[in-house]
Amino acid sequence: AQSVTQPDIHITVSEGASLELRCNYSYGATPYLFWYVQSPGQGLQLLLKYFSGDTLVQGIKGFEAEFKRSQSSFNLRKPSVHWSDAAEYFCAVGAQNQGGKLIFGQGTELSVKP
Amino acid sequence: EAQVTQNPRYLITVTGKKLTVTCSQNMNHEYMSWYRQDPGLGLRQIYYSMNVEVTDKGDVPEGYKVSRKEKRNFPLILESPSPNQTSLYFCASSPRQGGEAFFGQGTRLTVV
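The listed protein sequences derive, respectively, from chains A and B.
The number in our numbering is simply the position in the first sequence, starting from 1, with 232 added.
The number in our numbering is simply the position in the second sequence, starting from 1, with 12 added.
By construction, these hints were calculated from the structure, which means they are not laboratory data.
Quantities reported herein were computed from a predicted structural model and do not represent experimental measurements.
Honestly, I wouldn't trust all of these hints.
Pairs of lysine to any residue residues, derived as SDA-like cross-links and limited to a Cα-Cα distance of at most 20 Å, are as follows [what the hints assert, rightly or not]: (1) B:Lys69 with A:Gln234; (2) B:Lys69 with A:Ala233; (3) A:Lys293 with B:Glu112; (4) A:Lys293 with A:Ala233; (5) A:Lys281 with B:Gly111; (6) B:Lys69 with A:Ser235; (7) A:Lys281 with B:Arg108; (8) A:Lys293 with A:Ser246; (9) A:Lys281 with B:Gln15; (10) A:Lys281 with B:Met39; (11) A:Lys281 with B:Lys69.
Among the chain B residues that face chain A by a calculated CB cut under 7 Å, a handful are [said to hold, decoys possible]: (12) Leu55; (13) Tyr60; (14) Pro73; (15) Gly75; (16) Glu112; (17) Ala113; (18) Phe115; (19) Gly116; (20) Gly118.
Glycine included, each C-beta is placed from N, C-alpha and C at the ideal position.
When you get a sec, could you build the whole thing from the sequences and use the hints?
Structure representation (structure tokens):
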């Protein structure tokens, strides 16, 4: 069965430090992969997406993610975290033959220390 | 501005009282979905639609209905809400199967 796992429920980093959020997926074919961010009381905003091609993708707000097929991973990174990055982050896999469905991980809540 | 609009944003209702949450998108997307978000569970798909008059169940469809009479609108109907449907609901649209979804701002529903 298709699934997405985000192993870290909550991460705290200091402002200015680097960040890596982990995402592992289980999917039969080459997946479409996404990272979304959700600020409190807000909807989900797309940070970046991977469909094919270059396995290192750049997104908005200085985020990037790397697709590693051998590890079934799509980890999100940022070299220097800002206080405004505090939010919840969701990794998702696009299910190509299931009517536009996205399968989401449980989310990782990011806190930023001053 | 391209967007998905849900209404209402907040709703408190009583058990058994029928309600509808509206969703509209202005991007001419064929695919639309409803999700519910619960703590620790991420987002789970309730129903989806691939085009006008084409809908199908997602992972958690029990207690919900949808319709897609027009391409832009995809309302979510709870005919007899129960407390276990208290949740945060999101409507989303997508230009292609498995592609990125554009989300509404969410509807926080409380059923007492």
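Hint by hint, which ones does this structure get wrong, listed from lowest number up?
Hints 4, 11, 14 and 15 are the ones this structure does not satisfy, whereas the remaining hints hold.
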